[in-house]
Every structure is written in C-alpha cells, then in structure tokens.
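J.: Each chain is listed here by its residues.
4 protein chains.
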Amino acid sequence: MCTSILYTAGDHYFGRNLDLEISFGQQVVITPRDYPLNFRKMPRLDHHYAITGMALVQDNYPLYFDGANEEGLGMAGLNFDGPAHFFPVEEGKDNVSPFEFIPYILGQCKNVAEAKELLKSLNLVNINFSDQLQLSPLHWLIADKSGAAITVESTASGLHVYDNPVNVLTNNPEFPDQLTNLANYQSVSPANPANTLAPQTALASYSRGAGSHFLPGGMDSESRFVKEVFTLQHAPAGETEVANVTNYFHCLHAVEQQKGLDEVGKDQFEYTIYSDGVNLTTGTFYYTTYDNNQINAVKMHAEDMEGQQLHRFPIASHQSINMQN
Amino acid sequence: MCTSILYTAGDHYFGRNLDLEISFGQQVVITPRDYPLNFRKMPRLDHHYAITGMALVQDNYPLYFDGANEEGLGMAGLNFDGPAHFFPVEEGKDNVSPFEFIPYILGQCKNVAEAKELLKSLNLVNINFSDQLQLSPLHWLIADKSGAAITVESTASGLHVYDNPVNVLTNNPEFPDQLTNLANYQSVSPANPANTLAPQTALASYSRGAGSHFLPGGMDSESRFVKEVFTLQHAPAGETEVANVTNYFHCLHAVEQQKGLDEVGKDQFEYTIYSDGVNLTTGTFYYTTYDNNQINAVKMHAEDMEGQQLHRFPIASHQSINMQN
Amino acid sequence: MCTSILYTAGDHYFGRNLDLEISFGQQVVITPRDYPLNFRKMPRLDHHYAITGMALVQDNYPLYFDGANEEGLGMAGLNFDGPAHFFPVEEGKDNVSPFEFIPYILGQCKNVAEAKELLKSLNLVNINFSDQLQLSPLHWLIADKSGAAITVESTASGLHVYDNPVNVLTNNPEFPDQLTNLANYQSVSPANPANTLAPQTALASYSRGAGSHFLPGGMDSESRFVKEVFTLQHAPAGETEVANVTNYFHCLHAVEQQKGLDEVGKDQFEYTIYSDGVNLTTGTFYYTTYDNNQINAVKMHAEDMEGQQLHRFPIASHQSINMQN
Amino acid sequence: MCTSILYTAGDHYFGRNLDLEISFGQQVVITPRDYPLNFRKMPRLDHHYAITGMALVQDNYPLYFDGANEEGLGMAGLNFDGPAHFFPVEEGKDNVSPFEFIPYILGQCKNVAEAKELLKSLNLVNINFSDQLQLSPLHWLIADKSGAAITVESTASGLHVYDNPVNVLTNNPEFPDQLTNLANYQSVSPANPANTLAPQTALASYSRGAGSHFLPGGMDSESRFVKEVFTLQHAPAGETEVANVTNYFHCLHAVEQQKGLDEVGKDQFEYTIYSDGVNLTTGTFYYTTYDNNQINAVKMHAEDMEGQQLHRFPIASHQSINMQN
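Chains as they are written, first to last, in full-length UniProt numbering: chain V, 1 to 325; chain Y, 1 to 325; chain S, 1 to 325; chain X, 1 to 325.
If you're looking for bench data, these hints aren't it; they were derived computationally from the structure.
It is possible that some hints are incorrect.
Stated by the list, open to error - Partial list, computed: chain Y residues near chain S (C-beta under 8 Å): (1) Ala202; (2) Tyr206; (3) Thr246; (4) Cys251; (5) Glu303; (6) Glu306.
Unchecked claim - From the derived model, a few chain S residues whose C-beta atoms are all more than 12 Å from chain X: (7) Pro165; (8) Ala183; (9) Pro193; (10) Ser207; (11) Val229; (12) Phe230.
From the three backbone atoms N, C-alpha and C, an ideal C-beta is built for every residue, glycine too.
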C-alpha cells in the first residue's frame, strides 16, 4: 500500500514506493515558480517554490502523489484507509483539501520547521477534486535536507503532527502504534545473535543471516514498516551520487510488492507500480517502475524554473534492456 | 502430541506430557523385580530392575507409556508418526517390538551408558501386541540420574541413537532437525533485548518480557520443542523436593495443550491428558491430569519390590478442590 | 505482568493471573455489606454490595487486586505502566483514587451497565494510599454475569471506557491497539491450515497442531493477549461446576509465566504468583498459586454477609500433594 | 548466501542471486561446442553442448557459478557450508571435482532425465582447482525447459539427488528439511485470511496484505527459501519475453540481500552481487548487478557456437541511468 523514506548519505534522498492495483497516468511534473496554484478555500499562490515530483495532471492541475521543492523539502501522501478523517470547512482555520495539501506545503515551506508552523492552523477539509475524482484516505511524510521528518495524520480526533524519528512511513495503523510495534522486533540484527535461548547448549547457526530470522517479509503495512526501518538504518552511505542513488533504490526495493502476492479483489493484485526519489539538494528526481528496472532521472534545474507552464515528462515504462551482443 | 523432559535440580526428574484425543485406561504401575517379563523374540527376564511408571495393563502385561527403574533410568515413548519405521525380524539382532522396548531397557540397564550398549544390537520389529492393539509410531527419550539423555529413532534408514543435549523430546521432525531449528530462536531471552533493529533510534519496550516475544506458543511439535528448551534451561533449581517437583510441573505445563486448540478430526481435539515425573533418585512417581490439578504421588519403595505381581494404582482423575470454608 | 479473563460456560467465571516478582501478603478477603467503605474524596458507603476477592489488607482497608460482588460484577486491576496517568482532584467530578476504585465500583454497581453510568463522572486521582504505599499504574477489566465486559484506562488524554469484545485484558499497549494487533494473528487456527503458500505443491504437515504454529508464546503482554484470546474462544464449556472451573484454570494457565523466563532486574524474575476466579453466579472464589497446584476455594455465602468485619482467609500456598501410598 | 530458481511462463527461465561479501571477477562466458573440456579424473570432452553462464575464467578454464546449455538444461552451485562433504577418488565411479561439475553435466546432458542417469555413477571428489583456489562447499540446482528440477547434495552420508517440486534452492539445512519447513508457513496467502483466531469476534484487518503477515523477510536461508517459494508460485506469467524477464527478476529481487543487513565478519556484509537468468529455450542470458539496476543481456546464438575459444563479456556493473532531460 506504499512506503516512503528519507535516506541520508551526505545528501538526502526522499521518495516512495507506490503500491496499487491500478495506474492513474502519473507523470514526472515540474511546477515552476510562477505557475498559479489555486486552492478551493485559500488564496491563490502566484509565486512559490518550484516543485518536482510524480503527479497526475488533471484540468491542468498537478495532483502530486509525492515530490520535493527547490529548497529541499519533500512530501508524500500514502494510503491511510480507515483512520483517515477529513473535516468540514472551519472558520478561522486554513482550510485545505488533501488533494491540495502537497503543493500548499511545498509551495510555501523551506523545511520541516516551516511546515510545522503552517500545520498549526491547518484543517484538512473533505472537498473532492471533482465528482469523478474523490478524495483518497491519506496520511503524509514530510522531510527535509536537514534530516528532519514528520508524519501528518488527520483522524476523527483531529490533526496530528508526529516527529518521525525513523524516516519511514507506510500505512495503518496510526503512526504512534507503528513506532510502538518496532519494540517487538528490536532484537533483529545483521550480526549473528548470541544464544540466550539455551545457554547451556552450544547451538550451531546453520546459516548466515541468522540475526534477521524474525524480520518480517509480508506485504502488510506493519511488516513493511519494520523491514524498511531495519534496512534503512543499516544501509551504507555511498561516496558518489550514483552510489547513493543505488543504495536508495535498494532500500525501497527491499519492501517492493511483487505481482501476485497481495490480492485486493478477485484476480486483482496490488504491486509496486513505481519507486522514486529526489535528491533534496540537487532537485534531481529518479525513478524506476515495475516494468522498467533501469533508473530514470529528470533534472529540475535543467528546466525553466520561472515559467507558468507545467513541465511534464512521460514515465519511461518500457523495459530498457542493454543488449551486449 | 507429547513432550518429555529431564529436569535437573539436585535430583533429576524425568517424565512427560501425554497429549492425545482419547484416553486408554492407563494407571500407575509398579513392576517388581521378579515379575516375569516376556518378549516375543527375546528370552524371558525373570529377574530385572523394578519399574514404575504410567502403563496400560493388557493381559497382565504392562504396556508402559513412560517410566523409570529403581536405578534411576527413565524412558518415554512419544508419537513419531511419519518417520517411524519398524523392521522385520532380523537374524543376529536383538529383535524387540516397540511395545516391549521400555521394559526391555528399564529391566536391564542401570543408566544411559548401559542402554547405549544394548541398543547396538537392537532391531525394533513390527510385531503388534495383538490384532486389536497395533503398534504406535513412536520414538523415545532415555535419561538417567547423571543427567545424560539420548533420543532413539527407528526410521526407514535404520536405528538412530542421538545424544540429546537439551533433555527435551517432542515429536516430528527427526531429532537432528529439531536441534537445528533451535538456532532460529537463539536470540529469545528472559532479559530485555538490546535494540539492534534501529540503533539510531531509541525504542521503548512497552512491556516486560519483550525478550521472549518470538517464543512460539503453538501446539505443533516444533513450537513445543523450542518453548520447552527455553523454559527448562531457565528454570530455577529448588532447595526442597517439593520446590523441585513444583518447578518440574511448571516446566511441563508450559507446553500443555489446552482443550479446543488442536483439532485432529471433526470435533475431536487433542489435549494434555496427564503430566508425570519420577524423581530418579527416590523412585517417587508424581502426576497431574487435565481434570485434576492436584499433584498425586506413588512411592515405589513403599511397595514390595521383590514380588511377581504388578502393583496398580488408579489415576486420581477427579478434581480435588480444597474448600477453605 | 498479568492476564484477566471472563470465561462463559453456563455460569460466568471472572478472575486473573497475577504476574509479579514479589508477593505482597495478599489474602482472600470477603467484605460484608455493612463494612464501612471510606473514600478520600467521596462520601463513605455504609451499606453496599458484599465483595469477595484477592486483597492486601492495610490499616483494616481491603486493597483489592481483583474480586467480584454478590450481584455478579467482577473487576481486576492490571499493570499499565507507561500509558497510565492519574489526575489532580477536579471539582464537579467523582474523584476516586485507583486504590479505592474496585470497592467503589463493586460496592455500588450490579453490572457493567451500572458501572458505565458511574464511570461517566469519574476522575481517577493521584492520591496515594500512604507514603509507603504509592499508586501502581493500572488499568481495569470489569465484567458481569451477562457476559458484558469493559476496559477502563486513564491516560494523559483522559478516562477511556472501551467495550471489551474478547473478554481478555493483559497490559500495554492501550486496549484499542491490542485489539488491532489481533488482526495480525487471525489465521491462527485449531485446524490444519490449507496450503495457500505453495498451491502447486503438496505440502505434508509433519505435526498435529500446525494451525497454531504462529501462536505467540512470549511473556510479553501482546503475546499473552493473543494467546489468551485464542485459548478462551476455543475453550469448551463444561457440564458441571467442576468441569467449568477446570477449563477456566487451564485457560489462565495457558498464559502462566514460569519462573526464570521474564527477567525484570538482576536475578529478579516475574512469574505467575496466583491465578484466581469467581463464579459470578454463586460467588465462590477459586484460586491456585505457583507453589500449590491444587485448586482452593472460599464460598462467599458461607460467611456472614451482613457484618462490619472483613472475613480473611490465608492463601493455601503450600504444595498439597496427594500421596496414594 | 544465494537463491536459485526456475520460473515457468511459456518459456522457462533459470538462474540465481549470488550473495557474497566479495566479488571474484566473474564474467558472462559462452563455451562453444568444441572448446576442449578437461577433467582431472575423467576423459576430455572435445565436443559437447555449448554453455552460457556466469563464470570466473582461470587458466583459460571456465569456472561456472551457474549457467545453461544450448539444449535448455540449467545448473547453479550454491553455498552449502556445513553439510557439504566431498570424497576421495573411488575406483569404478565417475570422479568429478565440484569445480568441474557444471561443465560436466551441461556439456553432456540434454535435460534433467539425462543428468539423473549421469549422477548414478558420480562421485564428487575433493580435488581443488589449485592451492590458491580451493573447493567451495556447494550444492546444486539442475533444471530444464520441461519444468523438471532436482537438487544435488553431497554430504557425509553420500550423494543425494532429490526431486525439487518447488523449483527453488537456497542453502542449509539439507533440502528435505527445507521442504519440511514449508509446512510451517502453509497458511501464508495473498488473500485476506479468515478469522479463525477469535471466531466469536469480528476482527477488522487494518491493512491490505494481511494474509502474508507471517511471510519471513530475513536474510537467512530458511527465510529466503520460504519467501521465494511463495513469490514464485504466485508470480504471473507474462505474454511477452520482456514481461517474463521482468517478472523473473522481480521474483529474484524479492529475496535480494541489501547491503548492511547480513554481517559475516567485522564490517563485512554479504549482499546480492548479481542476479541472472537464462531463457532455456532461446539461450539468452540476462543479468542485473547490485550496482546496476538495468537488465543486461547476452545472446548465446549471436556468437560462434562451433569454435574452440571462450566468448567472454565483461559485467556491465556501472549504474546506467536514463537521463530524460
């Protein structure tokens, strides 16, 4: 159902896996600084930070799934079906619809600290983009190039902003519960464990990797959360951009959902449609898709950042195989 | 399906849980030294070590499920359906039927070392007690008051005698595989585990006992084997006979099968019919049943050990409640 | 750290395991109807329902760990260290200290419905019994002979009263999280599972009980909660009081903490000090202790229910062994 | 430590992950039909089937890690440290060293049936390639384009040839134990499980993918075996070569070992150095490396199959990123 991370290795890399059973026609979309950002209940932003990310463009509006701005603030929306609750418009609050939430934050905030300020008066309202395009139940990971990360959840009890000390978000249950659950797995280790089960008896490990025997591998959101936290915290830092991008995608692919393993309806299976990541310092956006293993990239700063027109790049979804003979 | 242990605490205590869906009319049976032990293919033993244990008496023959002799050698037969294989009579071998195996060993051997000698020429033969009472597929735990224990398994590949370093036996798969599997659980601990999952993040244990979170609790034989090894190796030693017997039964009850949890056929459920144990030094036989929590005891040396008649004690299976007012 | 249940089998049986590393000198205590119940901030109750249960009597005040009243309402306090939060006295509320909470409810309420009413204006206040006897962080299970059960938790966010559909309470995390976590184990079954892992390959179950392979066996509160829910929902109903009491104690002993398995400090181990249960219809109180397997009983109605003096029964904590010869 | 599979989807795809902490300078190597294959104790093969695969070329000898021949028979050697045992030369047997084993089989056998014939007289002998290049402890997966697969293990008890019904091989323990262990996970499912834990209570699944909650995700060989069997048996079949190759690599990457997660020595970590696969019908060899996500390919039939010289292709190990702007 999706996994989002912030990976730190000199630079910071922010992005996510999108796990779904259907694809929506998303593209890589760069929104330049002067593209007018309209909001249903808030004033238009005529000038704002430029944004790059994965979006569905509908009626010339970039519906971002995830992305980052030129200042190095990233944000991704992930499925949160069940706990997610959005509210009626409330006087005196900043009423923003979930579909506007990513440009609202990325357009105005340089970093997590500024986002937290804006969130203080936020009310996520239940206004659909259109009758055809209704709101998805989402929660969000927001992270910046200082390494700070927060989780934003709007539930029946109100808007919650949680510090995210592990730089990972998946889906339900609510974020504090995901953190609590990590304690169950705290003994998982890359190293061979000491034998505390039967200290009077020598037990031979029959396999390398015995320390991670209890690491979960399921498609469910708790399993992915635990596995990703472990993977991310033990991932090495590279010495080059290419090495970092390589490590980053291995971290995301560690919780990839393969086709056929997560049945969401009769003969319908959710899988990892794409994995993406932005270097928050350089603004370069990288992605792979289920159908194309090669890493693709779009450079934010190679485009005109001042204009009023969206820059759109179709997904390179055809498997690109390098024939050596 | 059954669990057998040797518990060491000054004295040694040997016995088992019997887990089945039906009861066979077993009793506590003391076989005195001069009760003639007949064997189908081996010479009769007119004089032998006295034996105490749980047995079904059929045609005046004590079909022992488990027991111990006056020298402090204990032996129990446990379900081993699948791998168990018994052979035709073989010339030049000591041909013993599985139903005779416990008296054959306990009648003649003082300890595990002597049992090993006898096992060298043993052939477990496929001779039923009767057409009505056919052989069960079994394997055996043999242990003595020095703390030595072995597992005996007769499979299609022959008779196997394994040292048992953990003093526990349950059921399938074959014993070396049970030992190998312990390595998967070696990080289970009574103590709170170190956080190696996410060393960059402080994780609060929300519960005492977090170190045993991965201890299995299933009714299956692997789960019981792992749980019992952990329980036994961390069990304290008492300072009195009563304290030891108390600890011993807690060790066995840790892998008790409660009614309703192990469905072996339509509306048929296996459960722990009885739990028993012999003090290998004193010969006192203790037991509880599913229906009677109180510990009952039969003293071997309170009976005539020289006679030719079996001493039989009915199971105290009615719940004995101590009314305090 | 403790497990409390309501078991239904014709009559209803309510009680708990007390898991701790030290014993406090508790007794079986019957509080008759006219024993004056004093409260620090609430009016004295001179007449109230009679109560039976396990309590520490301090300065002639019955500090109940758990118990039930003559109307068949039961209540138990269990460790809730971390989330538990008690408040200053608040004007306009019914200010009750946690140590008074059990007599406050059991003295006045016939059933869960009446308890819910009383809870509407309750404020659990941070008033210690004495400087020597400070408040424990607790939450509570309240259940009645109609089969209704609720969980009461006082946390930093206020007093929470949750319907308890599974009739089980252990410890942290908060009750809704324990319920959510059950979903992770929903495939655990008494029956042999279908092979959905590898449907193209026949997989032979090597053991009975394979359906419960993933049942947890740890000492931690999540493991005990899951195991107890499974055990309780599959426990048979007996046809006699003795059969029911027998089943009830097997349900509690399924999550017994054996000595040595839960290290809470250097050479300090938590274990199940006692297990108890009240027949909510007859008022008979049953218990076992770690040191005494036999079931003991105290009949409420055998004592004078009208008096002003507590009836106290010392715990039968010496192992009572039935010597058969 | 390595995972090898046969994936069936119209055509058959055979290959493996190589998981190690060091790289040996392997290349894609095509051995044409007339390249003389020398053996230490067996007659030279001057004419044989052409072979393609991953190999280290040493002294002009192709030390294959894995590969396939032009007839569609594939073979891979995987770590089997502990159980692996190789024997002295034995008169009357076909004495082959493990380092010669892959060309010995792939050079002469069209399919698994023919390989089984050759294996009847095989003795795997303990002859090192050189003092510098000693034998690795290995076992092997052999599979063909009919979908047949076998596992070959040489242990202290002799040479064992097992039918492999799941088309997966990882590492220890011995193959029959890996199959037995699958039974523990048979309830794992792509679909949402029925609630058999607590049938009296409605349990809401909080996440998609709940059926795979118990799927293991560890680096150890049992975890990878279980996860790969599940992944492979539920993988869809594509309708084109590209779709099949795509699915195939997702199956292998599902058990990829990410850097940092499997510590095999101080600051030394095993990881998936490469993943490869051969279309057994067309002979095209595909691979990815940890450092290069793009799929690379070498066509067997594009080279001269008749010659005496090895065709060698360096690994495309530099990350190839597709810059879209």
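J.: Now tell me, hint by hint, if it's right for this structure.
T.: Checked hints:
Given the 8 Å rule on beta carbons, the hint for Ala202/Y is violated: about 14 Å separates it from the nearest Cβ of chain S. About 4 Å separates the beta-carbon of Tyr206/Y from the nearest beta-carbon of chain S, less than 8 Å, and the hint is met. A least Cβ separation of about 6 Å between Thr246/Y and chain S falls short of the 8 Å threshold, and the interface hint therefore holds. At about 7 Å, the closest approach between the beta carbon of Cys251/Y and any beta carbon in chain S falls short of 8 Å, and the interface hint on this residue holds.
With a cut of 8 Å, the hint placing Glu303/Y at the interface with chain S holds, because the nearest CB-to-CB distance is about 7 Å. With 8 Å as the threshold, the beta carbon of Glu306/Y stays out of range of chain S, its nearest partner Cβ sitting at about 16 Å, so the hint is violated. Residue-level check failed: Pro165/S sits 5 Å from the nearest beta carbon of chain X, not beyond 12 Å. With a cut of 12 Å on Cβ distances, Ala183/S falls inside the contact zone with chain X, its closest approach being about 5 Å.
A beta-carbon of chain X comes within 12 Å of the beta-carbon of Pro193/S; the shortest separation is about 4 Å. With a minimum CB-CB distance of about 8 Å to chain X, Ser207/S fails to clear the 12 Å threshold, and the non-interface call is violated. A Cβ of chain X approaches the Cβ of Val229/S within 12 Å, the least distance being about 5 Å, so the stated non-interface status is violated. With a least beta-carbon separation of about 5 Å from chain X, Phe230/S fails to lie farther than 12 Å from that chain, contradicting its non-interface assignment.
When held up to the earlier numbered hints, the structure conflicts with 1, 6, 7, 8, 9, 10, 11 and 12 and fits the remainder.
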